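S.K.: This is what each chain is made of:
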Amino acid sequence: MSQSTVQLSPEMLLEGRSISKSFGGIKVLHGIDIELRAGEVHALLGENGAGKSTLCKILCGFERPDAGELISAGSALCLRDWDPRKAERRGIVMIHQEFNLAEQLSIAENIFLGRELRRGPFLDYRTMTREAGAYLRSLNCELDPGTRVSELSVADRQMVEIARTRVGNVRVLVLDEPTAVLTGAESEVLYELIRKLAREGVAVVFISHKLDEIQRLADRVSILRDGNLVGNFAIGDLNREDMVRHMVGRDIDSLFPPVRPLPDDFVKVLEVRELQVRDAPEAVGFDLRQGEVLGFFGLVGSGRSSLLETVTGLRKPPVGSRGRITLNGREVDIPDPRSARDLGISYLTKDRAGRGLLLDQNLRMNFSLYALSRFAGALIRAKEEASAFKQAIDEFEIRCPSLEISAGKLSGGNQQKLLLAKFLAAEPRVLIVDEPTRGIDIGTRSQIYLLLDSLVQSGTTIILISSDITEIIGMCHRVAVMYRGSLAGTLDREEFSEREIMRYATGLKSRTGNSQMKQ
Amino acid sequence: MERHLKSAGPFIALLALVLAGALINDAFLSAGNLVNILARSSFIGIIAIGATFVISGGGIDLSVGAMAAFISGCMILLMNFLLGFTDSVPLIITGALLASLGIGAAAGLINGLLTTKARIEAFIVTLGTMGIYRSLVTWLADGGALTLNFTVGDLYSEVYYGRLLGLPYPVWIFLATATSGYVLLNHTVFGRHCLAVGSNDKVARYSAINVDRVRTTTFVLQGICVSIATIIYVPRLGSASGQTGILWELEAIAAVIIGGTMLRGGHGRIWGTVAGALILTLIGNILNLTDAVSNYLNGAVQGIIVIVAVLLQRGVWSSRP
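Those protein sequences? They're chains E and L, same order as listed. Just so you know, the first sequence maps onto residues 1 to 519 in our numbering. Just so you know, the second sequence maps onto residues 1001 to 1321 in our numbering.
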């Protein structure tokens, strides 16, 4: 309990000890220790799904840990009723990746949302505007507090989010990928602000994938991998190569079936040329070879899903752009997902709950929805549908207490298997799977890998979009790496190494001027 | 088992009302009264079949009452007009029926396209078209009423008053509409797509469903149902005015909700809707036959039934995510 008096390092503001957390039986944090000290900028680095966001949410009261303790100002916090309000009272606040502002209200109204100042029964706009202005100026931000949030740029909105924390009271500021949405110049402004807050004694935590930014900004780096703390380092003790190695460094175990060699005289199934994705910096092209698994790797937001959703007609390319898609040597037009399906190209979304399955409908309806015409003439042939459904339940080993439950009641892994069954019912020749194992337990993952392998054996060609580098390396013949909407490079299996792939994905390396994949 | 019990709710309520009616007044169970109830239910019932599609597809149509008035007005004007060209009354009536179906489908198409292509919420679109159709019929009638010529009216009234196997034609038409609706919603690709779109339109789009087309089709079906209801309504009164079909939209929606279809879409029950329409008519009928509750409280009792139905539904669905 006693606070150490002989302390060379700065004051400890918040300390997490042995923090553990599980979601639905899957452990996402394994006994993490973290120390946040006054005036220190602390970066959290790790692959997608390593547990960074969960850790931050626990620090700021948005999640409660299953085990472990939080120590603030020398005393352990009661975690049973730990929530964002209590955290905020202790000066611990989080800026989320997605902002939480009321678009139609002014900056001042947003800053005082839920704690409006009053004079008698009326709102005291004058004082709120004045104080909001003061908060903004303390951030070196010259916005007029009366401006509507809907008129602000993303960077300005972020400033409003930060100002909303009532800067003077903040001791620990946690930022979840704050520069993911900012331009270079906007990021510089934010860096300056972070340094200023640190000088004023705030402990700043930020999540980032950008290695250069971490090197420039952070004093300390904690690296997470698969929910474990790899280590906590002073920034001077690490170079970028070390960071990448710590981030990904693990053995690829027997999780993956062996990758089957392609014949030398491969056939191109799909050729995409000059395809402009909306909001992407440049047009992109790539080839898909018969029978291969082509990986698409990149960090979150690097534009992989947008690209393949554009290929499959789910997203419209910008007006006037003329991309070309050739399927088995024939140029095809794919204006909508239905055309893609009828051509034998299926895209399996990563958003299982929002775009993949009808959570409030039963399993059978979900299963047959995509390939319904297989079971229907003028009327749906109910018996045929039911028997195909039962067969799929067995074949995909979907575990459910009853066949009558709604899809929302299935576990994540079983939902994913149902989603696969749904799209495979259309018997696609080209299957595009987006993050098929995200948030899924190891057993189901291995099942899914075996399933993909058996599809490849039976002649299906697969595009695997994944943020899990071991999955890419374990499953793919080639990998296309994307960085900020462009194709940074394509690597053949012989060239695969986690570090090399990460270099492309983090923008350290690029086959410049070559956004078209080599043929 | 539990689910079957709960989806039986509207039918149990219907049965309870019939029992109550029988206990309250001996005249209730007379063939004449029962047939009257069925015939009166058929207008709202047929409109509500269409509304079941719109609502389970995630939309809402407030314009149906005004649309019914407008189609009535057009039919009467057309029939009176055609009388100047031909003496063949059956030909005149056939022409009016086809025109009615055409106008209904077109009005539904307008609602549908404004909702899907112009991306305006169905509530707003149909609130707007409701005002438009309502004032158009008032304008056509010059503020009064449009009355069908007797020559045509005499023959056409057969559609409302004529009987087949002891039941009036409207009841048969109601039954046929409901049966077709049931098959369409539960046994065809379109019906399945309709439920998917109402359940989650993003999932539907990612499942290669043409969401806009499905939504628009539900509105067209609604328009056709309104026109069918109008075809059997016109001979009953033989006139149309700005007051025709007032509040039918709310009665139709009430019938759908009482029947167990959820307002938020994704689940539709055609036979439930039929039961809902019967329940609404039964309430009025029973209040007419008893002195215990004033007939003027008809609307209040119907309102209570709607609210109770939704409360019961929440019990059914709350266990679902």
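Keep in mind that the hints were calculated from the coordinates and are not lab data. Computed from a predicted structure; not experimentally measured. Do not rely on the hints blindly, as some may be mistaken.
Claimed, not checked - Dumping the calculated EDC-like pairs for lysine to aspartate or glutamate here, alpha-carbon to alpha-carbon at most 20 Å: (1) K1202/L x E271/E; (2) K316/E x D1026/L; (3) K316/E x E271/E.
What the hints assert, rightly or not - Covered stretches of chain L (chain E as the covering partner; in silico rule of three or more C-beta atoms under 8 Å from a C-beta of chain E): (4) 1154-1160; (5) 1207-1219; (6) 1233-1245.
From the three backbone atoms N, C-alpha and C, an ideal C-beta is built for every residue, glycine too.
S.K.: Tell me, in ascending order, the numbers of any earlier hints that this structure violates.
M.R.: Structure breaks hints 1, 2, 4 and 6.
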